[in-house]
Amino acid sequence: MYRYDEFDHQLVAERVEQFRGQVARRVAGEITEDAFKPLRLMNGVYLQLHAYMLRVAIPYGTLSSKQMRMLAHLAREYDRGYGHFTTRQNIQYNWPALDRIPDLLQELASVEMHAIQTSGNCIRNVTSDQYAGAIADEVEDPRIISEIIRQWSTFHPEFSYLPRKFKIAVTGHKNDRAAIKLHDIGIVIVKNAAGEIGYEVHVGGGQGRTPFIAKKMSDFVPAAQLLAYLEAVMRVYNMLGRRDNSYKARIKILVHETGEEEMRRLVEAEFAKIDASQMLTVPQEEIDRIAAYFAPPALQELPAASASLDAARASDTAFDHWVTTNVVSHVKPGYGIVNISLKPIGGIPGDASDAQMDVIADLAETYAQDEVRVTHEQNLVLPHVKLDDLKTVYDTLLAHGLATPNLGMISDTIACPGLDYCNLANARSIPLAQEISNRFADLDRQYDIGELKIKISGCINACGHHHVGHIGILGVDKKGTEFYQISLGGSADENASLGDITGRAFTEDDIVDAIENLVASYVDLRQGGERFIDTYRRVGMQPFKERLYAE
Amino acid sequence: MQSNRQLIKDGTLAENLWLYLEDDAALSDTASIVSLQRLEDEADTLRARNAPLGVILRAGEKQGEDVRRLAPFLDMIQLVAIEFPVYRNGRGFSSARILREELKFDGEIRATGEVLFDQWQPMARCGINAFEVDASISLDQFNQAMGEFSQAYQPASDARRGLLWQRHGK
Amino acid sequence: MAQHSAKGARFQAVTANRLTDGEVVYFTDAGHWSLSFSEAAIADGAEAAEALLAGAMPADFEAHVLDPYLFEVLQDAQTGYQPASVRETIRAKGPTIRLDLGKQAIAS
Ligand code: HEM
Ligand code: SF4
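As given, the protein sequences belong to chains A, B and C, one line each in that order. Numbering follows numbering that gives the first Met the number 0, in which position 457 of the first sequence is assigned residue number 456; successive positions increment by one, without gaps. Numbering follows numbering that gives the first Met the number 0, in which position 66 of the second sequence is assigned residue number 65; successive positions increment by one, without gaps. Numbering follows numbering that gives the first Met the number 0, in which position 83 of the third sequence is assigned residue number 82; successive positions increment by one, without gaps.
None of these hints come from the bench; they were simulated from the model. Ideal Cβ positions, reconstructed from N, Cα and C, are used throughout, including at glycine. There may be inaccurate statements among the hints.
[Unchecked claim] A partial selection of chain A residues facing chain C, derived with a Cβ cut-off under 10 Å:
1. A96
2. S118
3. A424
[Stated by the list, open to error] Straight-line Cα separation of at most 25 Å, DSS-like style, residue types lysine-lysine; simulated pairs:
4. A:K164 - A:K190
5. A:K166 - B:K61
6. C:K92 - A:K477
7. B:K61 - A:K214
8. A:K36 - A:K65
9. A:K173 - A:K36
10. C:K92 - A:K190
11. A:K166 - A:K190
12. B:K61 - A:K36
13. A:K390 - A:K65
14. A:K247 - A:K173
15. A:K272 - B:K169
16. A:K36 - A:K214
17. B:K103 - B:K169
18. C:K92 - C:K102
19. A:K214 - A:K247
20. A:K164 - A:K215
21. A:K477 - A:K544
22. A:K166 - A:K247
23. A:K247 - A:K215
24. A:K164 - B:K61
25. A:K190 - A:K247
26. B:K169 - A:K247
27. A:K173 - A:K331
28. B:K103 - A:K272
29. A:K331 - A:K272
30. A:K65 - A:K190
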């Protein structure tokens, strides 16, 4: 894992002190809310319905056990005993008092974490693949370049007041687990014919009111030139992006209105100028220094199969199911990647208690090379666990309500905070996720249905990724009452697609039955081993719609 | 310059010698800041005039004025005022860098408009060396804000190299 | 903002969030801010509502509370006044998914 050097420490400490001064001036009435709001937002502090919310960055979703313990401590001391892991691989606290946030941030800084640029119209936390460094067939660990991008983008003097927020995601694997095509910039690490590493850059993806899949701007940006290329994209955006309408201010709209070809020409022209100075060519020594932090952990040479694991699977069916659904093959024989579902049946997607966070930190320290990952699907990962240790890890997770064997299943729902917390919401999201989870609680039924991604947002901002759910649900408001609109066929992976709206919205009472109808349609229509999304792509909307709206 | 503003230039309080000239106002021998449009339309007249010339670059909402339009006139202007109409509109940060780094402008670049406390330091990093700030701001406060961050991660228009380079003495 | 409009409402009350901790507060007949909806001043009719909102915005309001606004309230024979929208009901009580949190938790 990356470790701060003295400069990193100093910068974060300076930022905490800066914010402490700002809060003090605000509480003393020396500055108005209008002046203060942008400052607090730059430090990840929002006002929600019941309290302030603090968003803490988890760069590329990687945490050490010490950091995880700190997150637990903060939940206990400054919040109400829990935190919410988000689709941006961040954690949000829902109840901190404004005047205590500077202390919270100071404690956070002691474990090399911060809330910088988790809000505001700047370059946000860089997100990445939760299996980085652990999965087979990776071109390169995406966290190396993510860390370089994190540093380059932190307090960037030119790009801290962009037309709108800016999100970058990186994957080093052909299977995209970071939804890179739904980001302002999505980066895929690739190798060219000569075996050199470079970056395929996608620009202009995003969700919200007007969703777009990103356009491929470059097939191959050589490694040494990536920052110059990114600076070129950012500069074109900062100069030309619209500032007259916040709904049209994202780079996706600029790309759309300018046209892909013209955008590419503008970026290339800017890139040529910036690159000519060589100013942004990161020294190889620095790349090596950062890469060393992400060197593969010292794993043991082990046989590919574990006799103790096989025996435990044979004698414990629930464990066997969990291994099948939640454990993924590791690049190293004898190890596995463990997914910890934060979607207990009927639970709140993405929430973890302080006690649970402590347990996970202990497991990471003892069994997983001291690492925890956060996924954009609001789950956690222990990236390097010996197959021999899986049963012990499982038993501990089970005892703390963390062993739900439902990864990728219908109950592994993404849901934004919605109207239970969020100031912008039209409708609640979490209760729907809970009702759907309860309705499909039976695991055998879930396994029969197979992979089915339901994603729920409480308003058109799409924090819950509803546009890219196999089934997406969007909360809408009709005269103070909640309604839910369904879309089908979205996907956030390497074959990214946006969902199509089925038609008229449903009430809270009808929505779970509607989902049940869609599932029934799929089960009737599917062929061979088709997943829901495959069936939808083959047969289209009509058969689903007919059943959904049949009287 | 607005009457409730003072000018801080190169780290000290400075007297403002410049006049913002409306497009229909007559030219005089006072140091004058004209619009980009006027500069383009009346370049010959302005070139013949014998007094310091500046230009203001408007940030706009939907579109801003393109700083590269200044390229043909750089030899005749001593000052570029970059407008920040609201703190959220950060187009001027890019304009300033292009002016310094690509167009190699070495005259005064001045920030005018609504500028927050915390924006002075990044502005300076982008090559802005003069600030029209609220008269209530003391020079101490200004300098404190300018020193809020002792390090920078990335290079820009100033002398700081960026930590990714500095760590290796580059 | 979603679920924010009180247009055409007969009864309205004024709410805001407290500066220091974001707690939901209501403007009372006594001209103070209360943590409890039950103490909220209820305005009958548009004019009374505007007057109530104006009263809730003294020059130094910023020092205590953020963004006061009007919201619709319904009169109910059994329970007295209740917020009309789901949003305001949730603000008055707490998250519907965690009955141990928010005002509802203190109440029980
Ligand atoms: C009170 C809390 C929140 C507020 C006020 C908020 C606000 C917003 C807004 C206004 C947008 C639309 C931006 C745009 O289209 O330009 C947005 C998008 C988004 N938010 Fe949130 N959000 C909140 C919580 C969350 C949470 C909890 C998550 C993760 C679960 C999240 C993840 C996202 C994502 C992934 C997007 C879509 C990005 C895109 O448009 O490309 N947000 N949010
Ligand atoms: S999608 Fe809407 S309701 Fe959900 S968190 Fe985002 S802004 Fe709030």
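Quick rundown of the hints versus the structure:
1. Contact between A:A96 and chain C, as hinted, is supported at the beta carbon level, the nearest pair being about 4 Å apart and thus within 10 Å.
2. This hint is violated: A:S118 has a C-beta 15 Å from the nearest C-beta of chain C, more than the 10 Å allowed.
3. Checking A:A424 against chain C: minimum C-beta separation of about 6 Å stays under 10 Å; hint holds.
4. Only pairs whose Cα atoms come within 25 Å are accepted, and A:K164 paired with A:K190 is rejected, the gap being roughly 30 Å.
5. Pair hint A:K166 plus B:K61 holds up; C-alpha atoms about 22 Å apart against a cutoff of 25 Å.
6. The hinted pair formed by C:K92 and A:K477 meets the criterion: a straight-line CA distance of about 21 Å does not exceed 25 Å.
7. Pair hint B:K61 plus A:K214 holds up; C-alpha atoms about 23 Å apart against a cutoff of 25 Å.
8. Our distance criterion of 25 Å between C-alpha atoms is broken by A:K36 and A:K65, whose separation comes to about 32 Å.
9. Taking the CA atoms of A:K173 and A:K36, the gap is about 40 Å. The hint is violated against a cut of 25 Å.
10. Distance restraint check for C:K92 and A:K190: the Cα-Cα separation of roughly 55 Å exceeds the 25 Å cut-off, and the hinted pair is therefore not satisfied.
11. Between A:K166 and A:K190 the CA atoms are separated by roughly 24 Å; this keeps the pair inside 25 Å, and the hint holds.
12. Proximity of B:K61 to A:K36 is assessed by CA-CA distance (about 24 Å); at most 25 Å being required, the pair is judged to hold.
13. As the CA atoms of A:K390 and A:K65 are separated by approximately 24 Å, the hinted pair is consistent with the 25 Å bound.
14. For the hint linking A:K247 to A:K173, the alpha-carbon distance of about 31 Å lies beyond 25 Å, and the restraint is violated.
15. Taking the CA atoms of A:K272 and B:K169, the gap is near 21 Å; set against the 25 Å cutoff, the hint holds.
16. For a cut-off of 25 Å, the pair hint linking A:K36 to A:K214 is broken: about 34 Å separates their Cα positions.
17. Proximity of B:K103 to B:K169 is assessed by CA-CA distance (about 22 Å); at most 25 Å being required, the pair is judged to hold.
18. A hinted pair counts as satisfied when its Cα atoms are at most 25 Å apart, and C:K92 with C:K102 qualifies at roughly 5 Å.
19. Restraint check for A:K214 and A:K247: satisfied, since their Cα atoms lie roughly 17 Å apart, inside the 25 Å limit.
20. The suggested pairing of A:K164 with A:K215 holds, with an alpha-carbon distance near 20 Å, which does not exceed 25 Å.
21. For the hint linking A:K477 to A:K544, the alpha-carbon distance of about 22 Å falls within 25 Å, and the restraint holds.
22. For the given pair, A:K166 sits about 16 Å from A:K247 by alpha-carbon distance, which is consistent with the 25 Å threshold.
23. A hinted pair counts as satisfied when its Cα atoms are at most 25 Å apart, and A:K247 with A:K215 qualifies at roughly 20 Å.
24. Of the pairs offered as hints, the one joining A:K164 and B:K61 holds, with about 17 Å between alpha carbons and a cut-off of 25 Å not exceeded.
25. Of the supplied pair hints, the one linking A:K190 and A:K247 is violated, its CA atoms being roughly 35 Å apart against a limit of 25 Å.
26. For the hint pairing B:K169 with A:K247, the CA-to-CA distance comes to about 40 Å; that exceeds 25 Å, so the pair is violated.
27. Taking the CA atoms of A:K173 and A:K331, the gap is about 19 Å. The hint holds against a cut of 25 Å.
28. With a C-alpha separation of about 13 Å, the suggested pairing of B:K103 with A:K272 holds against the 25 Å cut-off.
29. For the suggested pair A:K331 and A:K272, the alpha carbons sit about 44 Å apart, so the restraint of at most 25 Å is broken.
30. Our distance criterion of 25 Å between C-alpha atoms is broken by A:K65 and A:K190, whose separation comes to about 35 Å.
The structure does not agree with the numbered hints 2, 4, 8, 9, 10, 14, 16, 25, 26, 29 and 30 stated previously, though it agrees with the rest.
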